[in-house]
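Asker: Take the given structure of chain A and dock chain B to it, following the hints.
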Amino acid sequence: MNIHFFKFASFLYLFGTLAYLAYIIFLKEALSKLALTVISVGFASHTLALLMRYVEAGHTPVTNLHESLSFFAWMIIGILLIANLKYKIKVLGSFLTPIALILMFFAFALPKEIFPLAPVLKSFWHPFHVIFAFLGNAIFTLTFCCGVMYLIQEHQLKSKKMGAITKRLPPLNLLDDLSYQSLKFGFPLLTLGIITGAVWAEYAWGRYWNWDPKETWSLITWLLYAALLHQRLTVGWRGRKAAIMAIVGFLASLFTFLGVNLILPGLHTYSNW
Amino acid sequence: MGLIVYGLGLKDLKTNDITYRQHRHLYPNPYTKTFIFSVQMELLVVGLNHKTAPIEIRERLSFPEDGIERALSRVKSFPSLKENMILSTCNRVEICAAARETEKAIHDLKEFFSQYHGISLKEFEKSLYYHVGEEAVRHIFRVASSLDSMVVGEPQILGQIKSAYNMAVESKTSGLILHRLLHRAFHVAKRVRTETKIGNSAVSVSFVAVELAKKIFGTLEKRSVLLIGAGEMSELAARHLVSGGIEKVLLTNRTYERAVELAQEFRGEPIPFEEMNQGLKKVDIVISATDSSQYLIEHDQVAKVMKDRKQKPIFFIDIADPRDIEPKVGNIENVYLYNIDDLQKVANENIQDREKEARKAEAIVQDEVVKFVNWYHSIEVTPTIIALREKFEAIRNRELGKILSLYPNLTEKEKQSLEAMTSAIINKILHGPLTLLKKTDEEAMADLYLDALRTLFQLSEKSLEETDMEREK
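Residue numbers (this note's numbering), protein chains in the order written: chain A, 521 to 793; chain B, 801 to 1273.
Isolated chain A (complex conformation) (with noise of 0.2 Å):
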């Protein structure tokens, strides 16, 4: 039954991201306004879908690579819809939309059956490891929208080019506000999702820390974010340094999500999906 609504979820998704992007080059409200709706739909059907999965399978659903991008996808789409609230950035939107589509796009791809859970993740820690590591990346896919709109905007502001671009990419400030908000909110979730994980692996596997690969990758990204919150709260890095370094830093978080499981073999491999 999950499965009907990841699919009509992802139906809605692809549906609300053409909406998006149509938003970006018409400029028509109407059309922002149809995408927030039909993503917002796609939104509660994924909910109900991962919902269902829970209860089927038993377990929180972040146990294989269909379950986790589905989930980050879940957490993207929510974050977006949170942002819409406090921020009026309507093409937000158009630069989030696609990467959870392309998220889903993957986890509708992968082997969506149920399989038995794998002894080591049966773990009171384990779900809120992933949700934590997930809601803090899923932020910082946020702060990484942000520094990719930045980037363009202020050089198009540099360059003295004032034309469509610049018309469709909302203020510097904005932005910047944004991506240094999203960061206080994605750091401090990053690193309970950091130290939850070593809990559960101090049960799973008897060490808080191991020195696999993920675990190294995710210290080298927690640095990275540690640094950037660093040097905005003290030196008053702001704009093209901040928006460069939120770039790199998720670029390393979707690596150590991501890249390591597929490239770096080490305990967090679970199966091969």
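Please note that a few of the clues may not be correct.
[Claimed, not checked] Per label pair, the in silico range of CB-to-CB distance:
| no. | chain 1 | residue 1 | chain 2 | residue 2 | range |
| --- | --- | --- | --- | --- | --- |
| 1 | A | Thr736 | B | Asp1121 | 55 to 61 Å |
| 2 | B | Lys962 | A | His750 | 55 to 61 Å |
| 3 | A | Gly683 | B | His917 | 55 to 61 Å |
| 4 | B | Tyr929 | A | Phe546 | 41 to 47 Å |
| 5 | B | Ser963 | A | Phe546 | 41 to 47 Å |
[Stated by the list, open to error] Residues from chain B that face chain A, not an exhaustive set, calculated with beta carbons under 8 Å:
| no. | residue |
| --- | --- |
| 6 | Asp908 |
| 7 | Leu1012 |
| 8 | Tyr1138 |
Keep in mind the hints are simulated off the structure, nothing from the lab. By construction, the Cβ of each residue, glycine as well, lies at the ideal position given by its N, Cα and C atoms.
Answerer: Chain B in isolation, oriented as in the chain A frame:
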């Protein structure tokens, strides 16, 4: 005494629509006991602007604000002119008048310009333009809607016309025709502003500056600007920023007194020129427009200021020629530097939009010109009718004034309703007699009616002249 034929009147106001009789109202002249043809009033604009005259000539022919009242009453003293208004801004000087005799009036106005400013006519005659009748109406509507401005769409001109009109009202040099013309002009300007995007697309340099500021800072609320030096362009840009929501204006100038002067104009805060760096630390936007031959603001200086600002973004607008700000300043992070040419380039890219909007605006103007011309025809602008209307209008204003002073707590809406109601009463009362007059084919009958009107309402030429004289006092 023979028959004196005054100007043919309303040449451009679709002459064929005007009935034969309108030109030939005969009425007894109380002085000569002979008959003269009645006069059709003609609208007229004589002046020069930024397109026809260089700044030197515009400056010499402009009227200082405190001299306008005197100038207005001097123009009024020409017998060829009935109503007049003087519009004098840095881009244009023109007199709008309702004339009794067009040819003579134009001649008189030219002479007036020359004598009043002590410049020989030869020096500026080529720069003058003349608009008569419908063209004059169109011209005034276009000027008020900022279609004739140097920076098309800039909003200042409407305020300038309003104050020119108010001065004419205070000096009692405006009458029925100019009242109506100007009120329509304000209406047209409003329509153009709300129905087209001529005012808000980034078509002018100062709008581009505002748009850019918004792309950097989001809203302009709680932002501040520093104005270095002074000039038409920079003040215009600053005004746009202020109307865009800028909270604080700092001003500096090599001569501190000038900064104080300008500060009053902008309700800003003057700072001494030596403390410019202090200003740079505080503000978000800097507009520089001095005639300094060297850079006033240099790379290293700004780099240092940026540290003190904790990298808060700053937007420099360099309007000066030669430049006030070293171009390298634009390479510093979080610094955005645009000079006048950059802004112009962006503005030009929007020119297509502007032309589309301008066409829409011209259509609105045309629409309103037609309406005005129709009204003009309907009132039959003969001295008798004007005198009659003005008399009624005076009574209305007097009585309205009494009521309004009795009930000072009336709301704007209530006041407007009273205005509208009293106007309607006059129009309804006059409607019957005026329609009858129009329909009367027989000349003798028309004359009889007109004569009766003049006698019954005591509208003799003499009393008209007297009221004119009273007004001048």
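Asker: Work down the list of hints and note, for each, if the structure agrees.
Answerer: Here's how the hints hold up against the structure:
At roughly 59 Å, the beta carbons of A:Thr736 and B:Asp1121 sit within the given window of 55 to 61 Å. Distance hint for B:Lys962 and A:His750: a CB-CB separation of about 57 Å, consistent with the stated range 55 to 61 Å. Checked against the given bound of 55 to 61 Å, the beta carbons of A:Gly683 and B:His917, roughly 47 Å apart, lie outside it. With their beta carbons about 44 Å apart, B:Tyr929 and A:Phe546 fall inside the hinted range of 41 to 47 Å.
At roughly 43 Å, the beta-carbon separation of B:Ser963 and A:Phe546 lies within the given 41 to 47 Å, and the hint holds. For B:Asp908, the shortest C-beta to C-beta distance to chain A is roughly 50 Å, which exceeds 8 Å, and the interface hint is violated. Taking 8 Å as the C-beta cut-off, the interface hint given for B:Leu1012 holds, the closest approach to chain A being about 7 Å. With its C-beta approaching chain A no nearer than about 7 Å, B:Tyr1138 sits inside the 8 Å limit, and its interface hint holds.
In summary, the structure is inconsistent with hints 3 and 6 from the numbered list given earlier, while agreeing with the others.
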